[in-house]
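When you get a sec, could you build the whole thing from the sequences and use the hints?
Number of protein chains: 2
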Amino acid sequence: MEKIKIGIIGLGTVGTGVVKILHQNQEIIRNRLGATIEIAKIADLDLTSDRGIPLNHFPLTQNAWEVIEDPEILIVVELMGGEEPAASFLLKAIQQGKHVVTANKALLSTRGAEIFQAAYKHKVDIGFEGSVCGGIPLIRSIKEGLAANKITAIFGILNGTANYILTRMTEEGKEFDEVLAEAKNLGYAESEPSLDINGTDTTHKLSILLFLIYGQEIHPEEIYTEGITQIHPLDIEFAKELGYRIKLLAIFKEEDGEIEARVHPTLIPGASILSHVNGVNNAVFIRGNAVGSTLFYGQGAGMMPTGSAVVSDLMEISRNILKGKPGVLLPFFQKGKSRIKLKPKDKFFTRYYLRFSAQDRPGVLSQISGILAKYNISISSVVQKDKQGDGGVPIFMLIHKSQEESVDKAIKEIDALPVTVNNTVLIRIEDHLVE
Amino acid sequence: MEKIKIGIIGLGTVGTGVVKILHQNQEIIRNRLGATIEIAKIADLDLTSDRGIPLNHFPLTQNAWEVIEDPEILIVVELMGGEEPAASFLLKAIQQGKHVVTANKALLSTRGAEIFQAAYKHKVDIGFEGSVCGGIPLIRSIKEGLAANKITAIFGILNGTANYILTRMTEEGKEFDEVLAEAKNLGYAESEPSLDINGTDTTHKLSILLFLIYGQEIHPEEIYTEGITQIHPLDIEFAKELGYRIKLLAIFKEEDGEIEARVHPTLIPGASILSHVNGVNNAVFIRGNAVGSTLFYGQGAGMMPTGSAVVSDLMEISRNILKGKPGVLLPFFQKGKSRIKLKPKDKFFTRYYLRFSAQDRPGVLSQISGILAKYNISISSVVQKDKQGDGGVPIFMLIHKSQEESVDKAIKEIDALPVTVNNTVLIRIEDHLVE
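For the protein sequence lines, the chains are A and B, in the order given.
For the first sequence, position 90 (counting from the first letter as 1) is numbered 90 according to our numbering, and the numbering increases by one without interruption.
For the second sequence, position 251 (counting from the first letter as 1) is numbered 251 according to our numbering, and the numbering increases by one without interruption.
What the hints contain is simulated information worked out from the structure, not anything from laboratory work.
These numbers come from a predicted model, not from an experiment.
The C-beta atom is built at its ideal place from N, Cα and C for all residues, glycine as well.
There's no promise every hint is true.
Coverage of chain A stretches by chain B, computed from C-beta distances (three or more under 8 Å per stretch; other residues unrestricted) [stated by the list, open to error]:
1) 96-103
2) 115-125
3) 242-253
4) 283-291
5) 306-319
Written out as structure tokens, the structure reads:
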């Protein structure tokens with residue numbers, strides 16, 4: 001039986017998962033592939049920590065170049081994360097004619113074009129299923145299963161840590177900081193969780209999905225991004241009363257030739273499937289012009305789910321090698337197309353949830369609503385509640401579809417009023433998630 | 001630019017969808033494929049009905065053999081449905097060395113082994129993404145995205161008509177017959193809906209999924225199947241009170257080397273994502289030993305969703321042709337393995353919902369519970385309600401995990417009691433759907 005030799009750079013959580021799966025499911029993999037995948041070399045700076053697997057079965061090295069330059073290794077798996085030296089390793093492996101697999105979303109979202117172009121030039125396969133939503137076969141579904149479709153919208157819960165925090169805030173009414181601290185203790189949040197809670201990780205993944213759709217790099221910095229650190233239990237509670245849930249959503253829409261991509265906390269209807277995606281799970285709602293609405297759900301991170309995605313890439317590339325014709329063609333990769341532009345934040349046009357915080361005295365509501373009227377912003381519902389602790393009187397408002405530029409201007413004026421206490425909270429609403 | 005010529009046999013709903021998608025999305029398809037897919041011939045007995053597409057663009061024929069024997073046609077798409085002559089057409093096309101695409105679930109579930117073996121022998125590709133769950137890229141996800149996994153469980157809502165009926169019964173409290181009649185009027189049920197409501201269509205699809213998992217044919221008749229025609233609003237209502245929903249579920253589990261496959265109405269927890277899959281939508285929950293739990297959701301039938309799946313197959317096969325190496329190897333197809341056996345109905349071991357219907361007199365509950373005790377069946381909760389119309393006093397009961405053989409025997413004795421009015425209703429429960 002034929003052997004495909006691979007090398008792994010980076011033996012952290014996901015790398016360990018890959019080694020475990022290749023061992024544990026070796027018979028299944030061999031049967032499905034008609035060949036074996038053999039780990040010829042593993043590189044990591046730390047060769048001593050206990051990963052729960054017998055490391056002495058593999059040739060280990062602290063020098064990644066030994067993997068990249070080994071002539072017997074056909075596929076290099078980069079699982080070290082970070083931009084450098086991961087990028088150099090990947091590019092060098094590609095230049096050596098090796099196929100590559102990576103789960104490095106930060107790298108692909110910022111230097112994807114360079115890496116895909118190199119793979120294209122050197123006619124090697126590149127697998128990156130593990131870079132978005134761990135075990136969910138999302139990349140493959142967009143590239144192949146939905147290949148006949150123009151993708152017109154994506155709504156995704158792409159970060160498990162953020163979703164875990166919002167879920168517990170929703171279920172238990174707790175404050176953000178309290179839940180974050182608990183999540184760290186339980187291992188659901190890293191000790192340095194900034195990228196997860198400030199939305200950046202979600203934006204990286206959305207950027208990779210946009211690459212698949214448009215065949216060109218949309219840099220994460222081009223995508224408007226807002227995290228969940230400002231979400232208050234009051235907002236979650238009131239959203240619930242209105243039949244909504246708050247989720248950190250990656251949003252993409254193409255409507256009338258205009259392309260919108262943004263990441264922010266969002267009110268979504270309780271009747272939508274996405275609103276029932278809880279805990280560390282991820283889910284992506286994809287609308288195609290032929291298939292209609294689909295949703296993909298599963299664990300978006302972790303040793304075994306992401307390992308499953310990496311091994312699926314290894315199997316696909318191995319199959320291509322066995323057939324004598326690796327993929328080379330990245331079906332989604334389009335050269336020479338005119339650069340797409342994202343709709344600027346000022347032009348967002350959607351419904352909004354607003355929470356004003358005001359002094360408890362006559363005339364406040366009339367002043368606020370007067371300013372909204374001045375900007376032609378139409379109110380669809382308003383509720384005022386009793387004073388809460390330190391914060392003043394909360395006034396909750398849903399407004400009809402409005403242009404964000406006007407909403408921002410109105411809020412600025414309202415927040416400058418002597419009668420308002422804290423800055424106004426704005427959360428965007430997505431209503432069209434119910435099929 | 002290269003052209004891949006295809007022929008279509010059967011221009012019904014799905015065939016028309018395929019023609020529409022190939023036209024409407026031709027630029028996207030061309031860009032992603034680097035080639036064009038050209039319809040060289042369409043065969044159908046009815047060449048005159050208006051399908052909303054200009055038929056005069058295509059060479060039409062009433063003779064399917066003209067498609068099969070056309071030397072220029074590389075891929076034959078069979079969309080006529082039914083067993084014969086579809087099977088003969090498919091097999092003949094395969095023998096001629098043509099790649100084939102089909103969405104014919106009834107055919108694949110009963111004669112899949114023969115057809116896959118022929119494709120294997122003649123080294124041609126066979127695409128059948130459209131045969132299970134329409135537009136959801138499920139087949140591809142199991143074959144490729146989850147290829148590194150041993151699949152240990154599947155829970156699927158695989159029939160849109162049955163799900164639509166149960167959804168409306170749940171939301172409106174109506175009777176089965178009334179909702180079915182309305183569904184027919186609205187076009188959500190066919191005029192002859194037997195296969196949808198008696199579970200057979202779901203079983204066909206489950207059988208195809210089992211083929212993917214085990215590489216061998218499990219005939220639909222081997223799979224225990226029960227439809228939804230006996231579901232009463234009382235059961236739906238009481239399930240709701242207990243926090244459950246009733247769904248027609250395809251169930252597969254492998255536990256301790258025992259394989260279980262069955263199709264029947266099932267109580268599932270309201271906190272599970274599957275319980276929120278409503279209307280004509282389909283969803284499949286798949287558990288893999290590496291990836292954990294995943295769920296795939298979308299429209300399971302219809303012109304455009306199923307057309308999307310067929311065109312995705314056409315694109316994949318075209319890509320293989322362009323590379324000079326069609327797939328030939330069916331990764332899941334395993335020869336010479338010992339025949340798997342499904343657990344017989346008597347050995348099912350699960351929780352049950354029971355509804356007894358009894359006369360309103362003293363001692364009834366004691367007689368019923370006495371018989372259950374005799375068979376060692378342990379009650380987890382019981383509720384008796386007021387007499388309902390014609391039916392006697394309903395006694396609702398949930399019982400702990402029991403072997404179905406004992407439950408059947410107990411029910412037989414209970415139904416023979418002079419105090420029971422109608423036969424006992426039994427619905428199985430699946431609790432482990434919440435992640």
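| message | Please verify the coverage claim for the stretch 283-291 of chain A: does it have three or more residues whose C-beta sits within 8 Å of some C-beta in chain B? | response | Contact hint for the stretch 283-291 of chain A vs chain B: holds, 5 residues under 8 Å.
| field | Within 8 Å of chain B (C-beta), three or more residues of the stretch 242-253 of chain A | value | With 0 residues closer than 8 Å to chain B, the stretch 242-253 of chain A misses the three-residue bar; violated.
| message | Can you tell me if the stretch 115-125 of chain A counts as covered by chain B, using C-beta to C-beta distances under 8 Å and a minimum of three residues? | response | violated (count 0)
| task | Given that the stretch 96-103 of chain A was listed as covered by chain B, double-check it with a C-beta distance under 8 Å for 3 or more residues. | result | violated (count 0)
| query | How about the stretch 306-319 of chain A: do at least three of its residues have a C-beta closer than 8 Å to a C-beta of chain B? | reply | Holds: 9 residues of the stretch 306-319 of chain A have a Cβ under 8 Å from chain B.
This entry does not satisfy hints 1, 2 and 3, going by the numbered hints stated previously.
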